[in-house]
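Asks: Hints in hand, dock the two standalone chains.
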Amino acid sequence: MDTPGELAAALDRVGYLADEGLATAAFLALRMRRPLFCEGEPGTGKTALARALADALGTPLIRLQCHEGIDAARALYDWDFPRQLLHLRALEAQGRTEGAEAELFTRRFLLARPLLQALETPGCVLLVDEIDRADDEFEAFLLEVLSEHAVSIPELGEIRAAEPPVVVLTSNRTREVHDAVKRRCLYHWLEHPGLAREVAILRRRLPELTQALATQVATAVSRMRAAELLKPPGVAESLDWAQALLALDRPVLDVEAAAITLGAVLKYREDADRVVAAGLDALLA
Amino acid sequence: MTDPLPGLTGFAEVLRRIGLGADPSRAQAYLEALSHVDVAEPGQVYWAGRLSLCAEPDDIPAYDAAFAAWFGGTPPRVTSNGRTRRRTTVSAPLVAPVSGEGSEPAPELHVAASDAEILRRRDVTALDGAALKELLATLRTDPPLRRSVRTRRAPKGLLDPDETLRELLRSGGEPVRLRYRRKRLRPRRLVLLIDVSGSMSPYADALLRFAHAVVRRSPPSTEAFTLGTRLTRVSRQLRMRDPEQALAAAARAVPDFAGGTRLGETVRAFLDRWGQRGLARQAVTVVFSDGWERGDAALLGEQLARLRRLAHAVLWVNPHAGRSGYAPVQSGIRAALPHVDRLLAGHSLATLDELLTEVRRA
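For the protein sequence lines, the chains are A and B, in the order given.
For the first sequence, UniProt numbering assigns the number 1 to the initial residue and increments by one for each residue that follows.
For the second sequence, UniProt numbering assigns the number 1 to the initial residue and increments by one for each residue that follows.
Some clues are possibly wrong.
[To be verified] Straight-line alpha carbon distances no greater than 16 Å define the calculated EDC-like cross-link-like pairs of lysine to aspartate or glutamate that follow:
| # | chain 1 | residue 1 | chain 2 | residue 2 |
| --- | --- | --- | --- | --- |
| 1 | B | Lys183 | A | Asp135 |
| 2 | B | Lys183 | A | Glu163 |
| 3 | A | Lys231 | B | Asp272 |
| 4 | B | Lys183 | A | Glu68 |
Read the hints as simulated data drawn from the structure, not as lab findings.
If we strip away everything but chain B, and leave its shape as in the complex, we get (with noise of 0.2 Å):
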């Protein structure tokens, strides 16, 4: 093998900085790559990094920007959109907390079981972050189940031709023992879709970290995105353990929050991206919206029909839905409701602990 040109080993150090082949065994397999193609032609250069480097379609445009960047003569900036750098103290929401209703100051917190339910049932807008990450702790976020093909081996049940066979190979050939298998019970899938926009931004940061709550208890089988002006995938930053780095995280990753809402539209790109590949077939699906939409409602009308079909349960989630009052007059949660298993309130911990129950039993 030649030695890199000194230009790619740069380039390495580029795409180490913006998060591509952080990993040793990727700058690996990329160093290896280089070393079978004929680096003095840009196509095979890009070829073997992308192929070595990249892990999804979403990795590619960084490391398109970041190839121009850097034969292009400029380093791409690497400041703003860099790796998480660990932050161990800062215990910053992302939107200012709004004080209640009453807009009184949060009252001192005295710990005790009293006061706890009194916050349960309060507006998360108007919990201080310690309060909140308290509360959160406190949520049972298991998920919900469903029944998978594969079996397990049971006291009763089907009966198990494998084991029962292999029973009588193990006494010469007499039956001696039936074996039987039964159904598993497996996580069912669960999507959270929440509207971070301009009208949904005093709850953005609570909605956000319950779902951080939620995807940390069973990872593999929930999935989160933002709805606003675009969709956006989050589930990857809120697998992180520590919830302020994946809450800086997932806030880095969303472009559009408290801009505008165009729910049809990004519904649809969750379907079409996502939902219809298998995403959102049988899983639970929860959107937390107000409902204000912006664009055409009928379009969300039959996205919500389209998602309906898909799913296994759809619920939304309405913070508002829990102030006295409240009557679903939006435009956007009209055209909805009609394709809705459950319109639920989810302004307080206490209702996102009920709707969690929902989820369970859907």
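With the rest of the complex left out, here is chain A (with noise of 0.2 Å):
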């Protein structure tokens, strides 16, 4: 893949629309080697460019999934200490306890976490979801990471990527993430997609679903985000509306089938009661 185009089309191939800026980005991030960091509103498709870029690489997902007190035990290795205590046990019973440490702390005994799994599987894509979620004292030791494609093990030595993983990072913003892993990366702000977009992305997704009432269902979630709704629906949550449409087979989005299926679309009861108190035949008109 030599230019952005070419990138875009394989992205579309396994079933991933993404407009110039997008692609561009994937298309930087992967040859000048650097984490791309995305940022945007949810659902808008952050998590799903990694997995398609995985898909369209033909290599392997590795996800970590940020959370509060995150730590190395958890994103990088542990011992895997009940393996290592029958080994201790097996040894003693047999009477050839000289030595053991080292027996023990070999990579055997080293169960792999996500950000480890990353640096063993060449050429793998990497997905930190959701980084602003992680403690910041997690970044620092997240950067090292990164920026030097090694982990090192006090007790094995240094374990370093053959062929870099391809790394994305996203973040919904909740807080600001250090300008220092930043710096790293690439940056990338992703909107909601234009209509044309929306509709071609919803009939991608779901083959099934008629031009007609993919536009449909595309109009009105535009609309929606244009009223001022505490959770603006994201892409997501227009797949979500337009699956619960095929499941009830409702081949036309008309009010008594946008009432029965608003659950699936807008999350707020607050939100739910402003879009039916402006009312249905308005947003689908």
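Replies: Have a look at this one:
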């Protein structure tokens, strides 16, 4: 893949429609071997991008879901204590405790968590999802792994990636990620797609959806985004909505169909109330 | 790599002057990105720059404007909103200090403890810059704390299976000592929403200085926004070490100083863009406002109810609340009061100190 356009076509083949900006971002991330830092409203396809990238490249996707309190033992590696203990008991039973230490701290007893897995899987796509949920101390540690593509384990020595992984980081901006992390990354801000692209995405992901119904759903969702809601629906929600309509065998999005499926697209009572009060027929007109 | 066109080098210089790509690693990334794309195509040039030089959505409009201006032929104006140049001596308040209630001129300062105590109780609008700075330095600005999910080793608490096993391993499998862990304490997020509209303008300078002192104490866990006719995030500016530089940067960032007030709408903008995503969740939120609302007071009430559901505590600070005969009659404050945990005064350093105590206790 030599141009962003070719990468976009490859992503298209695995069912992900990227616009020029996103295709260029992914292309440069691959070429420059820099992590891609994606921010944007929930439901704009940040996580899906990593999955599509892995599919398009034909490599495994390794996902690290961040959460508060995540630490090295859960993100990088941990020693398998129960197995070490059993091994020690077995050694004792055979009466050879001499040099047990060296035998206990070998790769065999090391549990690889996502980051170490990614370093050991050549050319894989590593998704560090919702990094803003992790504590800021974790960033410093992640930074080291991202810039060195290596990790040093005191008992074992350094493990270095033969081929560095393609890294995609996502953030919902619940807090500001440290600038040192961002500086090492390419930064992309994802917007909600335009009407035509959303229709295309819906039809690509749900082939049994008709053009007419996809257009109706996308139009209604884009109107919802313009109305001031607590949680404007993302692409994920429009997909849910279209899927709900398909499951109910509704070929047309009319007021009745919208009323019974509104819960698939609006997740706050206040939002549903507001949309209903403004009139569902106005939304669908 | 081919040499970047002279036009692109000039563009990089323009961007550097508006503060994008000012640090060498970003500039280098920009040049590297350009070498990978087709520079004959404007779209590719645009994206190569935006991806490597911008670091947050707020940077994008500036980049867009610079891009349009440069490739449209006119260089962007960089004089008024350029990056801060270091100012070392000037200590100019954002607004002229208004003399206090009695309108007597500030008396000469005799440096003594009792004088400091008097100054602490004086309305901040009657203090001069130096006295204010000195008093702000005496505030105890420790952040509020919460229990973290993370644990640390402790002499007692919950049993720590990992460490106990490790200990077991060291002693050849014999359970010699049990190890324990306990939850750590972390700073709880503190969000300051400062009304900078016309009616609050005498206090804006002092409150922003106060915010600077609080933000500097615990930068990652403290956020500051200004409210007026629109919402502006000033946390980044206030994180600068030097107060004068931070205040100047904040003043430049806020377009609606001493303008009107649309509290309800700006609080809603805060919750939509920041609060609901997580910034206000379980945070101590402090609103500094006199409660004069030009817009719909019902909207303000509704939004504060929403804030109350997200936040750990909502405190409202009204500089006028410290005056004798004050009654919360303004439409805004009446709508907000049911959803506020405490209504506090904030006109003097002593009352701001009380506020900080309340924040720690919340």
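Asks: So, for every hint listed, does it hold in this structure?
Replies: Results for each hint:
no., hint, verdict
1, B:Lys183 / A:Asp135, "holds (15 Å)"
2, B:Lys183 / A:Glu163, "violated (39 Å)"
3, A:Lys231 / B:Asp272, "holds (8 Å)"
4, B:Lys183 / A:Glu68, "holds (13 Å)"
Of the numbered hints stated above, the single one contradicted by the structure is hint 2.
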